[in-house]
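Visitor: Below are the chains, spelled out letter by letter.
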Amino acid sequence: MKRLTTAFIVVVVASASLIFLANHLNASQGMGGSGTITVFNWGDYIDDELIDQFEEETGIRVVYETFDSNEAMLAKIQQGGTSYDIAVPSEYTIAKMAEDDLLIELNHDQLPNMTHLNPDFMDLSFDPGNKYSIPYFWGTVGIVYNTEMIDDIDFTSWDDLWSEELKNDILLVDGAREIMGMSLNSLGYSLNTLDRAELQEAKAKLQTLSPNIKAIVGDEIKMLIGNGEAPVGVVWSGEAADIMYENEALDYAVPEEGSNLWFDNMVIPRTADNIEGAHAFINFMLDPENAAQNAEYVGYSTPNLSAFELLPEEVSGDERFYPAPELTDRLEVYDNLGREMLAYYNELFLEFKIDLR
Amino acid sequence: MGNKSRNLFLIPYVFWIALFVVAPIILVLFYSFRGLDGSFTLSNYQHFFSSTYFQLTLSSFWYAFLITLFTLLISYPTALVLTKMRHKQLWLLLIIVPSWINILLKVYAFLGILGTYGPFNAFLDVIGIGAVQLLFTDFSFVFVSVYIFIPFMILPIFNALDKLNPAFVDASRDLGASSFETFRKVIFPLTINGVKAGCQLVFIPALSLFMITRLIAGNQVITLGTAIEQHFLVTQDWGMGSTIAVFLIIAMIIIMFLSGNRKWGLTSGKKA
Amino acid sequence: MGKKRNWPAIYLSIMFVILYAPIFYLMFYSFNSGGTMYGFEGFTFDYYLEVFQNTRLLIIVLNTVIIALLSAVISTIIGVFGAMAIMYVKKQQTKNTLLSLNNVLIVSPDVIIGASFLILFTFIGIKLGFASVLIAHIAFSVPIVVLMVLPKLQEMSPTLIDAARDLGASRMDILTKIILPYITPGIYAGFFMALTYSLDDFAVTFFVTGNGFSTLSVEIYSLARQGISMEINALSTLIFLVTLSLVAGYYFISKKAVGMAGMGVRK
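Chains as they are written, first to last, in the UniProt record's numbering: chain A, 1 to 357; chain B, 1 to 272; chain C, 1 to 267.
What the hints contain is simulated information worked out from the structure, not anything from laboratory work.
There could be a bad hint or two in this list.
[Said to hold, decoys possible] Only pairs whose alpha carbons sit at most 30 Å apart, straight line, appear in this in silico DSS-like list of lysine-lysine:
id : chain 1 : residue 1 : chain 2 : residue 2
1  : B       : K88       : B       : K185
2  : A       : K2        : B       : K84
3  : B       : K163      : C       : K127
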């Protein structure tokens with residue numbers, strides 16, 4: 001009993017001193033000034049120096065929180081409880097959030113730097129007139145492959161994936177929209193189709209890909225392609241850029257039948273406390289120099305035209321990540337399909353996964 | 001013990017059950033009757049009994065069984081050896097310590113270790129077996145799951161073995177029983193409670209494993225947990241996700257009943 | 001004789017090699033100047049320096065440890081009482097019901113627990129942050145403590161309590177002098193398992209956290225999309241080494257203090 005009591009006291013004292021230490025660190029970090037804003041973003045999706053710079057310039061303290069999927073973020077914002085002032089969801093989530101009245105309309109007068117944005121990336125179907133959102137980064141879905149292991153296929157077509165020599169060689173990302181979309185595109189259908197017959201056909205075609213599929217994985221696909229575990233992967237361009245930076249044998253292609261064009265966007269959720277500060281933050285991130293700095297840090301494609309021009313030639317001239325307009329025209333943005341259709345996409349994808357072997 | 005003190009024990013615990021168990025169950029039940037459009041419906045249950053989910057249920061149970069079996073086969077001897085060590089409590093702690101390192105990181109490490117060019121394959125190469133594909137196979141899935149669950153099995157078994165009165169073992173030996181007989185007739189029956197606790201701690205969570213199925217098995221293995229995860233986070237079809245959860249809870253209760261009931265009767269019988 | 005003794009030692013060594021393999025793998029690449037967990041390029045200490053300069057990350061680590069320790073202690077207390085409640089309830093049916101309810105949280109996938117706790121907390125009006133995360137961790141750790149303590153209680157001979165009562169021991173005495181000492185190994189096991197649960201949890205924490213409060217797991221998972229930097233590996237290495245020395249240190253100090261009795265083993 002005595003030993004139990006001692007152990008108990010040790011743990012309590014240890015926690016108390018740790019709490020003291022944490023508070024001390026917290027206090028040394030806080031700056032006060034004109035309020036705080038809470039930014040809800042993907043992990044490591046911003047250059048930390050920019051946050052410091054923003055805090056210095058405006059005196060607004062930034063509380064930075066992270067999420068790992070759009071859906072998880074959505075659940076948190078729906079429930080409230082934290083006053084998120086900025087969130088960075090992907091485009092299909094924005095349509096959903098707007099529908100559920102979870103977003104605050106942006107005041108464009110407070111965002112003078114909006115003029116720097118590429119008009120091609122404005123006023124898109126998921127948010128007409130950019131009423132709620134400002135693009136943060138964008139990209140495509142395509143095929144990353146190892147040129148040392150595969151030298152005779154250039155993946156200009158999705159059908160190249162079905163090639164016999166790729167047996168057990170392909171990794172797919174675990175996303176229903178991406179993979180069903182890939183199959184739909186390869187059949188010449190829209191990746192936003194609402195036609196169940198087309199979807200069934202796409203699923204049937206997907207099933208014939210099974211022998212070539214090594215695995216369906218998540219973010220770890222980067223590591224697996226990077227270290228040569230598999231030579232081919234269907235991924236988002238952002239992930240491809242990350243690994244190509246580390247492994248020079250890798251190349252990235254967006255098949256000509258078309259593919260997905262995705263956006264991550266800054267929005268002000270309904271939960272916002274400091275709307276003024278949130279606008280200041282968005283405007284700060286739109287500043288060409290800041291946007292360019294951020295794009296260099298994160299490695300994704302920036303929608304900011306002036307920032308694009310500030311980027312080094314080797315980045316901005318890379319057609320794989322800043323594709324020519326002819327290709328961009330063939331890319332589609334995900335529409336909000338509505339719950340029932342989305343469930344149907346997922347159902348088919350789940351069935352496909354169950355039958356994988 | 002008097003009646004009053006018994007009630008005192010109950011207060012914090014029952015409060016906990018009411019708030020964090022009963023309330024969520026009611027919530028899950030409630031959602032399981034909601035369709036995509038938010039109306040009251042039985043369609044989720046109808047859907048569950050379609051072939052897809054039946055297949056999922058079967059494979060979940062099969063893998064959970066395999067995982068539990070191997071975890072037990074590995075953990076029991078370990079616990080047995082540990083109890084005979086000099087600094088056994090320290091060794092036991094050293095078995096738990098690895099589980100304090102973030103699981104995602106460890107899984108990433110396993111992706112490297114079990115990979116085509118990883119150390120495990122290099123080792124197989126050296127001993128002459130030659131490199132094989134380990135990742136995304138049943139083997140790696142069960143292997144990593146067992147790895148994760150080992151401490152949960154060892155602890156209760158260790159505790160049971162540790163309190164085992166050595167006099168029983170000695171007596172059995174003196175009476176001429178072989179080591180195996182001693183184990184089968186004396187040691188194992190006396191530690192059955194620990195084994196049961198361990199199996200429950202492994203089998204039940206193994207039913208709803210989800211992260212490993214994607215990371216290590218590359219979705220070549222799909223369990224009920226994966227499906228729930230999908231429905232809650234991707235489809236946002238909380239209704240269907242809850243329905244599967246309801247079945248998991250029912251399955252758990254059945255397992256508890258099958259594995260524990262007889263023994264419960266015995267202990268309370270002894271007390272009466 | 002000597003030959004016979006070797007087998008257990010070999011078996012245990014293999015166990016430890018496997019248990020620690022991924023951790024050493026992580027540690028090894030924390031020195032990789034290439035910045036990835038494959039293709040070792042060169043040796044560097046950079047990531048360790050980064051860890052110490054990253055105040056935000058250090059705060060997160062402290063938060064994680066605080067939550068783990070506090071939730072483990074509190075859930076151990078509740079769990080021990082819970083186990084006694086289950087043990088000493090007379091009616092078989094109540095017993096089974098309690099035990100089933102106890103295990104619901106073990107079988108429920110994290111996402112469901114997280115989502116329902118989130119709904120619960122916003123409904124009751126608990127502010128998301130430290131308190132809500134602590135309460136949630138206590139909540140999902142209680143059942144494992146119960147399951148760790150229960151077998152010990154079951155083993156305990158009821159005659160022990162009867163004898164004590166006959167000798168005139170008060171209820172408090174029976175609890176502190178007989179029951180608790182007997183189940184101490186179970187209590188420690190429960191505490192350490194609760195600690196493990198808390199340190200490992202991602203999904204539940206993610207749902208119930210807010211207002212800038214974060215734990216290491218949440219941080220690590222959200223990094224996955226951009227790629228986990230070796231800074232995290234370096235941090236894990238440091239945490240691992242500190243933990244190891246604390247465990248060893250605590251063990252040997254407590255051993256000295258009590259003489260030959262091992263931790264949790266009463267003579």
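Visitor: Each hint: holds or not?
Guide: Here is how each hint holds up against the structure:
1. K88(B) - K185(B): holds, 25 Å
2. K2(A) - K84(B): holds, 26 Å
3. K163(B) - K127(C): Judged against 30 Å, a Cα distance of about 45 Å means the pair is violated.
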